[in-house]
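**Q** From first to last, the protein sequence lines stand for chains A and B.
Quick note, the first sequence lines up with residues 219 to 502 if you use the numbering used here.
Quick note, the second sequence lines up with residues 15 to 250 if you use the numbering used here.
Rather than coming from a laboratory, the hints here were simulated on the basis of the structure.
Where hints are given, some of them may not hold.
As the list claims (entries may be wrong) - Only pairs whose alpha carbons sit at most 20 Å apart, straight line, appear in this in silico DMTMM-like list of lysine to aspartate or glutamate:
| hint | chain 1 | residue 1 | chain 2 | residue 2 |
| --- | --- | --- | --- | --- |
| 1 | B | LYS92 | A | ASP430 |
| 2 | B | LYS108 | B | GLU85 |
| 3 | B | LYS212 | B | GLU177 |
| 4 | A | LYS326 | A | ASP259 |
| 5 | B | LYS235 | A | GLU480 |
| 6 | B | LYS174 | B | ASP118 |
| 7 | A | LYS482 | B | ASP236 |
| 8 | A | LYS232 | B | ASP19 |
| 9 | B | LYS26 | A | ASP259 |
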Amino acid sequence: MNTQALQNNLMKDKSNEAILAEHSKTIGQPFCDNPKISTRDVNVYYAENHAIQDVSLDMGQNEVIALIGPSGCGKSTYLRCLNRMNDTIDSCRVSGKFIIDDIDIYAKSQDPVLLRARVGMVFQKPNPFPKSIYDNVAYGPKIHGLTSNKAELDDLVEESLSKAGLFNEVKDRLGDSGTGLSGGQQQRLCIARTIAVQPEVILMDEPASALDPIATAKVEELINELRKNYTIVIVTHSMQQAARVSQRTAYFHLGKLIEVGETKQIFTNPLHELTERYITGRFG
Amino acid sequence: MENLDFNQHTSKKYNQELEKIRSSLLVMGGMVEKQVKKAVEALVEGKSKMAKKVIKKDLGVNAMEVQIDEECTQIIAKRQPAASDLRLVYSIIKSITDFERIGDEAEKIAKCASFLIDENYLGNYSHEFMKLYQLVAINLNQTLNALARLDAEEALTIAKKDEIVDLAFERLNNDIIRNMTTEPTKLNLLLRLSWSAKALEKIGDHTTNICEYIIYLVKGKDVRHLDINTIKEEYF
Chain A
219 MNTQALQNNL MKDKSNEAIL AEHSKTIGQP FCDNPKISTR DVNVYYAENH
269 AIQDVSLDMG QNEVIALIGP SGCGKSTYLR CLNRMNDTID SCRVSGKFII
319 DDIDIYAKSQ DPVLLRARVG MVFQKPNPFP KSIYDNVAYG PKIHGLTSNK
369 AELDDLVEES LSKAGLFNEV KDRLGDSGTG LSGGQQQRLC IARTIAVQPE
419 VILMDEPASA LDPIATAKVE ELINELRKNY TIVIVTHSMQ QAARVSQRTA
469 YFHLGKLIEV GETKQIFTNP LHELTERYIT GRFG
Chain B
15 MENLDFNQHT SKKYNQELEK IRSSLLVMGG MVEKQVKKAV EALVEGKSKM
65 AKKVIKKDLG VNAMEVQIDE ECTQIIAKRQ PAASDLRLVY SIIKSITDFE
115 RIGDEAEKIA KCASFLIDEN YLGNYSHEFM KLYQLVAINL NQTLNALARL
165 DAEEALTIAK KDEIVDLAFE RLNNDIIRNM TTEPTKLNLL LRLSWSAKAL
215 EKIGDHTTNI CEYIIYLVKG KDVRHLDINT IKEEYF
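Please work from the sequences and hints to get the whole structure.
**A** Okay, structure coming up:
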């Protein structure tokens, strides 16, 4: 019997809390050879609450990595650290290293607005601006000065909407309000808006949890397409979604990163008892 | 993951569903074990009624396969099982196919027995047949126990013993073939004996398959078509 199997046997009948107390090191493959973003020894505190504890994880080039775990495990907090969305929360303190292409994300000289253009984000609930479909997509390129004239901007809007799989559905009504679209279309509009500023990484926080199965399938299809050009980090509560869209899966539990592995391995033969319990629905 | 406890899900209904397919699998295993025993008894002791009963009862084995398949399909559709649950459902779907084939082999033996009894010929192979059957029966019985206890080590030990079954079959079959040359008029009868011996040998192969599914279920490693020693070195 190998060491891991032996450890697992010893864990049998133990509570989640008891297993977690013994957990010291992430198992599996948290690192990769060709990382786009590298994080080391990450700790996050909300006032006195230690929300993320010693997490080290790489996100590879052109990889979709899924972050899963029960509510309150810190997966969204960790995701929001990657483009400094937590800066806006006063009580939130972040320590550890965050490197994107050799650049320190948390360096004093790093402008968070420019960082967020490189590391875009799509949220759980579609949040289009109360503006036209065109303006929703054109807003980012305009403030970042990515285009020099109207024709270029028109092209960029069309290209972004096409990449988000939305252009054909809205091409005749680009002047209509973005909020008038269906939920699934609004979410794809938000993805188009994110793509328009030409990011390198896209963070997605439960991007399909408010969508019906058809809209969900379209967003998942889109994630698969976008992987060719971007690194995607997705937080999801849907285990099947993580299994479908990602190449690697990371399992978080009460602020700790328990296990990271190839998605096909995590969903058929996870190494850690807590991962097994979570994905098979043996919690609580 | 080797801590297999299928009774700890948040959903109690899910626990029951998994328990039901596990239990049905063991019932089906017990059913085919009995079928093999009765078929060989009919052959060796010339019990015509028993042979006919085995042939009839194979329909029950087939029905059981269809029923368990349906239950597994429902679980996949409703629960989308993952990790050890997924391996359990997968292993059950695979195992029942082998159980059904074991049932078919038992039926084959019973049909041969019926033919031989009708021709009033049982040959002089009772002792050898019983020896081969006992080797196969012990393996099948122990496999069912390993399945009930999810014991991968035991499954590996049983899989290794299939070589002995193969040797015993070769010996018996060579004897029968030799007899075919000396008694060519009884070719038709001796062929039935040879087929019956082959059926027992194939039951041994199906038993080995089930042992491999047990190892997959417990260890999460697909060990099909691997050498036994390699399996032992790499996964145990």
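**Q** Evaluate each hint against the coordinates.
**A** We went through each hint and held it up to the structure:
{"no.": "1", "hint": "LYS92/B with ASP430/A", "in the structure": "18 Å, holds"}
{"no.": "2", "hint": "LYS108/B with GLU85/B", "in the structure": "14 Å, holds"}
{"no.": "3", "hint": "LYS212/B with GLU177/B", "in the structure": "14 Å, holds"}
{"no.": "4", "hint": "LYS326/A with ASP259/A", "in the structure": "19 Å, holds"}
{"no.": "5", "hint": "LYS235/B with GLU480/A", "in the structure": "15 Å, holds"}
{"no.": "6", "hint": "LYS174/B with ASP118/B", "in the structure": "24 Å, violated"}
{"no.": "7", "hint": "LYS482/A with ASP236/B", "in the structure": "14 Å, holds"}
{"no.": "8", "hint": "LYS232/A with ASP19/B", "in the structure": "12 Å, holds"}
{"no.": "9", "hint": "LYS26/B with ASP259/A", "in the structure": "39 Å, violated"}
When each numbered hint is compared with the structure, violations occur for hints 6, 9.
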